[in-house]
Amino acid sequence: MAQNYKQDDEILGKAYDAKLMKRLLKFVRPYKKYMVYAILLNIVVAVLGPVRPYLTKIAVDHSIANRDYSGLLLVTILLLASLVLQAVIQYFLTYYTQYLGQKTILDIRTKLFSHIQKLAASFFDKTPIGRIVTRVTNDIESLNELFSSGIIMIFSDIFIIIWILVFMFFMDLNLSLVTLSVIPVLMYGTFLFRKKVRDAFRDVRFHLARLNSYMQEHVTGISVVQIFNKEEDEKKSFAEINKDHKIANVNSIFYYAVFYPAVELISAIAIGLIIWYGGGEVIQSTLTLGTLFAFLQYTEMFFRPIRDLSEKYNIMQTAMASSERIFKLLDNNTFIPEAANPVKLPKIKGKIEFRNVCFAYSQDNYVLKNINFLIIPGETVAIVGATGAGKTSIINILTRFYDINRGQILLDDVDIRELTKNDLRRFISVVLQDVFLFSGTIKSNIGMNHPDISDNQIIEAAKLVGADKFIEQLPGKYDEDVKERGATLSVGQKQLISFARALAFNPQILILDEATSSVDTETELIIREAIQKLLVGRTAIVIAHRLSTIQNSDKIIVMHKGEIKEIGTHQELLALKGIYFKLYQLQYKDQEIAIS
Amino acid sequence: MNHLYSLKKYFLKYKSKLLFGVVFIFLSSVGYVYIPVAIKDAINELQTTMSYSTILSYALLIVGSSLISGIFRFYIRQTIIVVSREIEYDLRRDFWEHIQKLPLKYFQNTSTGNIMAHATNDINAVRMFIGPAVMYSIDTLIRFIMVIAIMASISLEVTLYSLLPLPILSILVYKVGKKIHERFTAIQEKFSELTTKAQENFSGIRVIKSYLREDFEIEAFTQLSKEYLHKNMRLVKIQALFQPILFLITGISVIIVVWMGGLKVISGELLLGDITAIIIYLGMLTWPMIAFGWVINIIQQAEASMKRLSIILSERFEIEDSKETNYAIKDLYGDIEFRNVTFSYGKHLKPVLKGINLKIPRGTTLAIMGGTGSGKSTLINLIPRLYDLSDGELLIDGHPVKSIPLSALRKNIGLVQQESFLFSDTIENNLAYGLHSFNESAVKNASRIARFDIDVRDFPSGYKTILGERGITLSGGQKQRASLARALVIDPKILILDDSFSAVDTHTEEEILINLREFMKNRTSIIISHRVSTVKDADKIIYIENGKIIEEGTHYELLALNGKYAEVHYKQMLEKELMELN
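In order, the protein sequence lines correspond to chains W and B.
Using the working numbering, you'd call the opening residue of the first sequence number 27 and step up by one each time.
Using the working numbering, you'd call the opening residue of the second sequence number 444 and step up by one each time.
These are calculated hints, taken from the structure and not from any lab test.
Just so we're clear, the structure is a prediction, and the values are computed from it rather than from any experiment.
Heads up, some of the hints might be wrong.
So the derived label-pair ranges between C-beta atoms look like this [what the hints assert, rightly or not]:
no. : chain 1 : residue 1 : chain 2 : residue 2 : range
1   : B       : Lys750    : W       : Tyr63     : 45 to 51 angstroms
2   : W       : Tyr282    : B       : His541    : 52 to 58 angstroms
3   : W       : Asp225    : B       : Phe469    : 30 to 36 angstroms
4   : B       : Gly711    : W       : Ile103    : 49 to 55 angstroms
5   : B       : Ser554    : W       : Glu167    : 20 to 26 angstroms
6   : B       : Ser554    : W       : Gly404    : 18 to 24 angstroms
Glycine is no exception: its CB is placed at the ideal position from the N, C-alpha and C atoms.
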């Protein structure tokens, strides 16, 4: 099992992929000048650190040796100046590179989000929501590091190293080579450490993931644990997982415990070499004390950029993996196609016609077979049928969440594929059974923040459907906060809000998927009345679960296993004594008893 | 600090290791602070007398000191940091052992995410205190004293002046650290807002598309992303300022040494090596000064986290053995009696069960019907004490249920819950979940009765097939049958099925029921179902509505009553006819 986990655990690839990088850099283009400034500033600021040991060399060899007070003062002032200058530049550099990174990922994030908004319903049906969320959040975040510290810091580190080398070689070539002899060891050690630590951390992450998923799973299934008396046994299995996690961590401590002292030791060896070799040169008078002094400072300076550089490798690797996933999503083109030359309908009457419509979600698995019907403007049509009869699919294809496989759907005699999706959906409002409320206010949930819908219209709509009674009783009334999909509202209240929403948009065509969930009698009556008001003056298709809706509808379409079996009025269909008759007795008869 | 004090017992457990750690810190510091002394002497000697042999010995001394310091530094991490991981382990273990004994009620009011946050973030914050914070504060203190003493012995005056800027560092790190933490928290909050927004948007995408709100949503999301950028830049602003100021302050210290020390070298009071040593020492003090401010922040965060953990750890178990428990009871026979039982999920909530009176003699089968929310599941959850009743009496074999040891009670009850929950483990481990030692024949027999064996045959690795995210996904019906088998494996005296066949097709259900009939002999069984076909053969059927038993009797008695049960029966017959239609 452990094997399985490891294979899944973040498969990281290359640290650099030219193709991906090229695409990423496209996003930086609007901020190119920041990038250029940052790199230029880096070259300048990189010299300010290494120049200081050189200045102290001058202080030692010239000012102090010659008892030159003013010279010492000058060097001190120069030291201070370089320090202050470096601090100031560093501030702007950090600020602007971070700004660059933030701006770039903002652009990528909004672009990705806009792209996702346009994707077809089938994409959302097939892809777990959590995965899409990760793309616009965490994956984008890991790009931030790449832009803000990754690319630019690599330049910075390299320039610092170059400047140190320039000063050292300029002062004394032999001593430089002796001092630098430890560098390969340091680089190899750092490289080895990074690799070991990366593996150790992967191990830690793997065990942490196991620990977390164990807890997550057992908290979710806590009742099973308790019912089966397994607390004691689970204690043991948890102890094992907990222990593995601890061991993984302790292992990673080992590498740190070795690495840090090792780096100090290498640095001490470098100092020892300078003292020994440089000291010898001083004795022979081929080297000044000031140079020795400067070299001691350079050894300290060397270590940070080298360590930094090895860290950048990881940042690059993660960023490449994330960008690959992001681009894959950006390249996803599951759209419902838009007509090349869309027909413009300024207003519609509301005539709907299905002609030999066949539809399947996946190949050849037809959920709608040869559907034919006509709805005259202003008519209310009820669709009834058992679960799986294909009722919901009718909504999906009429609003073009999915496109049909064969046949035609006509709106005022125009194929709906000839209209823009926006126009089509502007004419049709859908009230779904499972009411979806957004976090915001009651008002924003009814008006959906539409600029053309005024507060008055919102209140008017709420009044018409009878939602205002409970809204007025809320402490914040129409401005009352709606949280987490309306957790604080009852099922009935949520339905009324969704009715008000549909009414506020005043569509020519209304599709209503009545909720089956049971509500108390009082709410039931309010909902019933609200539905009647919704249907007035527009074409309406109702997936009916309520007797009142059925009896008042102009036409009832009876669906069974993807086909239309019966069409007619309530009385006609009852007289037929077919499927409808049975369905009626099954689903609606108790309502009759309840009302009477 | 009050809450962190409760960690004392953990610290005491590892006191010898910690003590060694402190000794190692001391020894390591001795080696570490000696290096500049060797450098100083070497340079001073170069400036005055000159000899090859002494130079080499200084070089070796430097490397040797570093080696000694490094070896002990290795052991510091191997003691103190390792102990922090040990304590993290203990703390997490105690946390988990506590959590899993909490009553179901607790889990209904607390989200899984919330519990997970405590188990990860809070425990981690406390560990940061135990390990790095403790290590660095002791380390810092010891080094600090040693370094200052040596520096002062070289030149008191230069030392005093050069140290002047350093306390500013500590104050700065502490103050700015706090601000950084605040702004960082603000970023995280915005980030989670962003995540929630994305989550909500993708979940409600159909409504958004229906009402043409895509552009608005993009605008809103962009706005939120911009705010997020803003929050990030607020942090960048201080961070960008913080780093340069840090090295400006330390740099100024060094410059003071160069200036003052330079003057003193010229005047002959000091040698060049003395200045070199002081500069190196200043470098050594920088980190302790930074660490000091940092440690204070860690402690404050750990205190807040420990407080949250303490709250959970003091949460009461509620359902556990008590002084009423009669440990003589080891096995059950299965006589169940409810006497005027009332139950509500909270003191101020409406009762879900009202005045239930019901006798289920051993060896008989009771079937329960009723609408959603009528109280069926609540009723049966009282038997294994997943909840304790609010009023009335529940007797098993004549004993009040509270007097039966919890383990004896649950060992004898097989409860198959409405929502089948299986673990991400092998099928056999899931089925044998209730057993203390694996028993293959019991597992196979139970699978046969639950008609799960046929499915297992088709799985890639049979009973060893792994379920869940990293394995195969079972269908609803398969899950239910697996859960049933899991309950049968423990050979319970009382078997309770809470709507356990809802996703099983009627044909298979009938087969299972036939198998169960044999199994249920001499056992008490309770079956909740919506299907008349499932309940019709029960010894007794009750119909519950609004927490009350409204109909009670055998299938034929209830049909004759022509009430709710009869109505359901009639409807289901019609439904069947309809399904058979083509």
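Going through the hints against the structure:
no., hint, in the structure
1, B/Lys750 <-> W/Tyr63: 45 to 51 angstroms, "holds (47 angstroms)"
2, W/Tyr282 <-> B/His541: 52 to 58 angstroms, "violated (32 angstroms)"
3, W/Asp225 <-> B/Phe469: 30 to 36 angstroms, "holds (33 angstroms)"
4, B/Gly711 <-> W/Ile103: 49 to 55 angstroms, "violated (24 angstroms)"
5, B/Ser554 <-> W/Glu167: 20 to 26 angstroms, "holds (24 angstroms)"
6, B/Ser554 <-> W/Gly404: 18 to 24 angstroms, "violated (48 angstroms)"
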